[in-house]
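Q: Chains as they are written, first to last, in UniProt numbering: chain A, 1 to 382; chain B, 1 to 236.
Everything labelled a hint here was simulated from the structure, so no lab data went into it.
All values derive from a computational prediction rather than experimental measurement.
Treat each hint with caution, since some may be false.
[What the hints assert, rightly or not] Distance windows between CB atoms, simulated:
| no. | chain 1 | residue 1 | chain 2 | residue 2 | range |
| --- | --- | --- | --- | --- | --- |
| 1 | B | ALA188 | A | ALA22 | 57 to 63 angstroms |
| 2 | B | GLY64 | A | PRO92 | 18 to 24 angstroms |
| 3 | A | GLY94 | B | HIS97 | 39 to 45 angstroms |
| 4 | A | PRO266 | B | GLU219 | 57 to 63 angstroms |
[As the list claims (entries may be wrong)] Computed footprint of chain B on chain A, listed as stretches where at least three residues anywhere in the stretch have a Cβ under 8 angstroms from a Cβ of chain B:
| no. | region |
| --- | --- |
| 5 | 147 to 159 |
| 6 | 164 to 177 |
For every residue, glycine included, the Cβ atom is placed at its ideal position computed from N, Cα and C.
Now for the letters of each chain:
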Amino acid sequence: MSLQSPSAEALASLFETRGASAITMDLLQPAEPYLDTAGEALRRRIYLTRGEAGINLCLRPDFTIPVCLHHIERREPLPCRYSYRGLVFRQPRGGEGPRELEQAGIEDLGEPNLATADARALADALASCEVLGVEADSIDVVLGDQGLFEAFLSALGLPDGWQRRLIRTFGEDRQLDNVMAALANPGSTSLDNVPDGLLELAREREEGALIRAIRDRMEEAGLPPHSGRTPQEVAQRLIEKVATAEGRLSGGSIDLLKRFLAIDCPLAEAADAVRALAEGAGLVLDRAIGFFETRNLALQAAGVDLSAITYRAAFGRPIDYYTGMVFEVRPKGGGVTLAGGGRYDRLMTLLGAEERIPAVGFSLWLARLKEHVRVANEGAAA
Amino acid sequence: MTITLGIPSKGRLKDKTIETLAGAGITVEPAANARSYRTSVTGFDGLEVLLLSASEIARELRDGAIDFGVTGEDLIRESIPSPGRAVEIVARLGFGHADVVVAVPDSWVDVETMDDLGDVAGAFRARHGRRLRIATKYWRLTQSHFTRLHGIQSYRIVESLGATEGAPAAGSADVIVDITSTGSTLKANHLKVLNDEPILRSEACLVKSKSRRRSDAEELLVGDFSGRFGGMAPGA
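One chain only, chain A, in its complex shape:
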């Protein structure tokens, strides 16, 4: 199960050199933080159990959340880096495959220089792979950036509701295609069932009258007035929805968005590709591209070869606490994820931190890495 001790020691010493303090976490973790942040879909993938007092517990399915909770509880000075190594437990898809997997990684909390912290996470992940015997030319590294995607949407001037819908599906290509198809055809939004009278009020942006009508309906249904959606929230969204459905979007915006999402090139060329697209369309994207380039410089300073990394504009994770860079390491030509990471600036506050704490991290799938090295060595020997 575990790697041979020389590589385990090498990894531990790498983590230490990179300023991460090793911590250990309980195998049994509260399940609520997982279900609340990663979503209900995780329920199928984790091993849940119930404590005597009815509290849901699970066998640790990852380290990121326990590390964040550990930090929130102890309030250690920021910025700080934590490293971990141990088993995680996942229900295999289709019921076949390993249930226990060994992971190691680093979580980097509170570093205000986001570009530096991003670069450090990716550089450390690649250095870890190297320490474990992975040849640089045996892997593909893909990087995506939700921040750049969001900035592009904003520069396109799409209605807020559409921007949110696109951001929500970022990283799920099929869902994103569906949203874009609907966007290309605004008439597809159904307003048929909006009750008589309310559609008119929404068109005329009569928010006060709408709120009263919706409040009456809520009262009639006996909905509790202080939990859940408010009449104002429903009214505002109806107004926005009607305006978007009946507005006209230029076909050009959708075409630009598709061209953006199609960008798939070496990281060294990515900023120029995005800039060329933005400038050609008269979009102002300087800040986001500036950050992207700053991070690239930081990556180079950390010894990362930008030409060996692929930037894919459509690569992301549809979990709402991811906010910026995401990356993934796979065997060249495809296969299971060997290592992955990303920036999750929204997670700490979701878990109860009082202030926003920028955070980025990565994890290594140790058994898969070991297998990858074994296969690569066999290939080399033959």
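Fit chain B to the known structure of chain A by using the hints.
A: This is chain B only, laid out in the frame that chain A set:
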């Protein structure tokens, strides 16, 4: 050497099942003892009938504890992780029709589709400090509908054991996923069904367990029994 068939132990489902079996030449005898869960049949030698609750039938099929069962497709898809592997739908029986649907308060005049609900769910945490809550007894169907089909990640399921339609008014959930045949219960509770395709159009099915171990002779009986229902539309 016998094979077993689980049928619903009460109500309309039980009556319609007995009618269907009669149509296939199999008469279910009233149990010798009114409290017994086991009864015999005439018209098919080697068939034993167990009276079980509909959800128990789905689980027993999954575990291979019975050879056949009559139960709703909703319960099959909810109780069995990979239905295609554990069971086979031999025939759709044409009764017990009901849809598993997503219903929201009718005062949510801005929500007509899953896309709308996705927008609401996505913004919920920031506005209300918690995830959108869905009351249901169908957590597996709900997850695959919300997450896999519609890409909605941000919601919580509140497991409901009865009277799911009352959850929004009780304040224990914002929306529900439930089974409905006419929609009148939902309407009476000021809930409306979304315009999209329902999560599942369910009906009563005759289902064969594929995970049960059987001797060759029992396999023959199973084949004969399935054959009696060959005229009906087979399932997925």
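Q: Are the hints correct? Go through all of them and say.
A: Evaluated hints:
no.	hint	verdict
1	B:ALA188 x A:ALA22: 57 to 63 angstroms	holds, 59 angstroms
2	B:GLY64 x A:PRO92: 18 to 24 angstroms	holds, 21 angstroms
3	A:GLY94 x B:HIS97: 39 to 45 angstroms	violated, 31 angstroms
4	A:PRO266 x B:GLU219: 57 to 63 angstroms	holds, 60 angstroms
5	147 to 159	violated (count 0)
6	164 to 177	holds (count 7)
Of the numbered hints listed earlier, those contradicted by the structure are 3 and 5.
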